[in-house]
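Novice: What follows is each chain in one-letter form.
Number of protein chains: 2
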Amino acid sequence: MEKSIVLLSGGMDSAVVAAIASQEHETYFLHINYGQRTEKKESEVFLSLVNYFKPRKYLIITMEHFKSIGGSALTDTKIDVPYGLSEQGVPPTYVPFRNANFLSASVSWAEVIGAKKIFIGATEEDSAGYPDCKKGFYETFNDLIKKGTKSKDIQIVTPIIHLKKYEIVKLGIKLNVPFHLTWSCYKREDRACGRCDSCLRRLRAFKEAGISDTIPYTNE
Amino acid sequence: MEKSIVLLSGGMDSAVVAAIASQEHETYFLHINYGQRTEKKESEVFLSLVNYFKPRKYLIITMEHFKSIGGSALTDTKIDVPYGLSEQGVPPTYVPFRNANFLSASVSWAEVIGAKKIFIGATEEDSAGYPDCKKGFYETFNDLIKKGTKSKDIQIVTPIIHLKKYEIVKLGIKLNVPFHLTWSCYKREDRACGRCDSCLRRLRAFKEAGISDTIPYTNE
Chain A
137 MEKSIVLLSG
147 GMDSAVVAAI
157 ASQEHETYFL
167 HINYGQRTEK
177 KESEVFLSLV
187 NYFKPRKYLI
197 ITMEHFKSIG
207 GSALTDTKID
217 VPYGLSEQGV
227 PPTYVPFRNA
237 NFLSASVSWA
247 EVIGAKKIFI
257 GATEEDSAGY
267 PDCKKGFYET
277 FNDLIKKGTK
287 SKDIQIVTPI
297 IHLKKYEIVK
307 LGIKLNVPFH
317 LTWSCYKRED
327 RACGRCDSCL
337 RRLRAFKEAG
347 ISDTIPYTNE
Chain B
137 MEKSIVLLSG
147 GMDSAVVAAI
157 ASQEHETYFL
167 HINYGQRTEK
177 KESEVFLSLV
187 NYFKPRKYLI
197 ITMEHFKSIG
207 GSALTDTKID
217 VPYGLSEQGV
227 PPTYVPFRNA
237 NFLSASVSWA
247 EVIGAKKIFI
257 GATEEDSAGY
267 PDCKKGFYET
277 FNDLIKKGTK
287 SKDIQIVTPI
297 IHLKKYEIVK
307 LGIKLNVPFH
317 LTWSCYKRED
327 RACGRCDSCL
337 RRLRAFKEAG
347 ISDTIPYTNE
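For the record, the sequence lines run as chains A and B. Heads up: the first sequence begins at 137 in this note's numbering, then just goes up one per residue. Heads up: the second sequence begins at 137 in this note's numbering, then just goes up one per residue.
The hints are simulated quantities; they were obtained by calculation from the structure and are not laboratory data. Watch out, some of these pointers could steer you wrong.
Treat identical chains as interchangeable: a pair holds within one or across any two.
Below, simulated EDC-like cross-link-like pairs (lysine to aspartate or glutamate); rule was C-alpha separation at most 20 Å, straight line [unchecked claim]:
| # | residue 1 | residue 2 |
| --- | --- | --- |
| 1 | Lys288 | Glu260 |
| 2 | Lys310 | Glu344 |
| 3 | Lys288 | Glu275 |
| 4 | Lys286 | Glu275 |
| 5 | Lys286 | Asp216 |
| 6 | Lys176 | Glu200 |
| 7 | Lys252 | Asp279 |
Just so it is clear, the structure is predicted and the values come from calculations on it, not from any experiment.
Bound conformation, chain A alone (with noise of 0.2 Å):
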């Protein structure tokens, strides 16, 4: 089987394309720690995953630099996580260039183990409008790993990047992926907020999948 790194942050759309690269592939699961604010919670929800999915191997990175850089709502508790559903532009959770970071780490890793694919769970039709979610992102990415590694065949694989929030849970649902251990929320660690952006599209998507959400919401 080929070797396959999947970057897992413990969200329902990363768990849901380690469904699909376990498929088929030797799974090599990455979590990256970037000072986010619920980087205790990602960690433990990475951790059930791994016991889950049991890949061949992973691996947990921490990337400080975001948390000293700071310039996001999600690495800086001086700016607000919004309540509601992000409408134009870019959210002020936008984390500068982010999964460049995590894709640059994931094909340094690709190269020394040999894997020729990295699974990530971006979604660009569904989302905040992140630019670095997008598939031309993604594309350009590919080209660069063909110009700057030694390898020049690492691809990088959005399986569900032009899928719609609730297709991503039926298709979830049909793969057996347990959402019940997966977390969303932006703000909270102990119980999802229910308002922010992140736990909006997900509550979204699993009404309009027809299927009930089992994690914990705040009534707070």
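With chain A's structure known, arrange chain B on it following the hints.
Specialist: Showing chain B alone in chain A's frame:
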């Protein structure tokens, strides 16, 4: 003055680029520790260069993942740093996709502080054949920035990419670069080994430029 980031390893090339950038920009110096053999020495050199050039601000980032990933003679002590000039192909001192990781972090910082240029001392013609030191790699990286950032107008600048090493020495002398503070050796931190690819290129460059290199070399 325009804000610019300078990626500074502490080697002779990046010191010359720091001098170039300092002429017309408000500079922000960035140094990255990545578990390389000479990490401690390079950090000290960086701080000496900060003291010399007096940037507006500086930042030292530690990227721990290169050490845990390994796969390079610079980050894995089980892989020998070869003596002699590297002739063809990619040498074992290649750190997989290292510069993509460095540039990604630089772009993240640039976006937060509003810098529009990132200077890097990559050299294509007179180097060890690293794929992430070639012009085409940086051109594609600039496309990636346009696609993957909110600001879109940050640019990687490679002012010495087509210079031969001896031309870099001559330019540095003209710009009063304190070459005595810089460090190029891949292997040692006390005295330069004088025999690794990086030392040999440095020594040859100074010789061809007719300038004496005053850093200490070992006789062992």
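Novice: If a hint holds in the structure, say so; if it doesn't, say that too.
Specialist: Hint by hint, here is what the structure shows:
| no. | hint | verdict |
| --- | --- | --- |
| 1 | Lys288 x Glu260 | between (26 Å within a copy, 18 Å between copies) |
| 2 | Lys310 x Glu344 | within (16 Å within a copy, 67 Å between copies) |
| 3 | Lys288 x Glu275 | both (14 Å within a copy, 17 Å between copies) |
| 4 | Lys286 x Glu275 | both (19 Å within a copy, 18 Å between copies) |
| 5 | Lys286 x Asp216 | between (42 Å within a copy, 19 Å between copies) |
| 6 | Lys176 x Glu200 | both (14 Å within a copy, 18 Å between copies) |
| 7 | Lys252 x Asp279 | within (14 Å within a copy, 23 Å between copies) |
Hint compliance for this structure: every hint is met.
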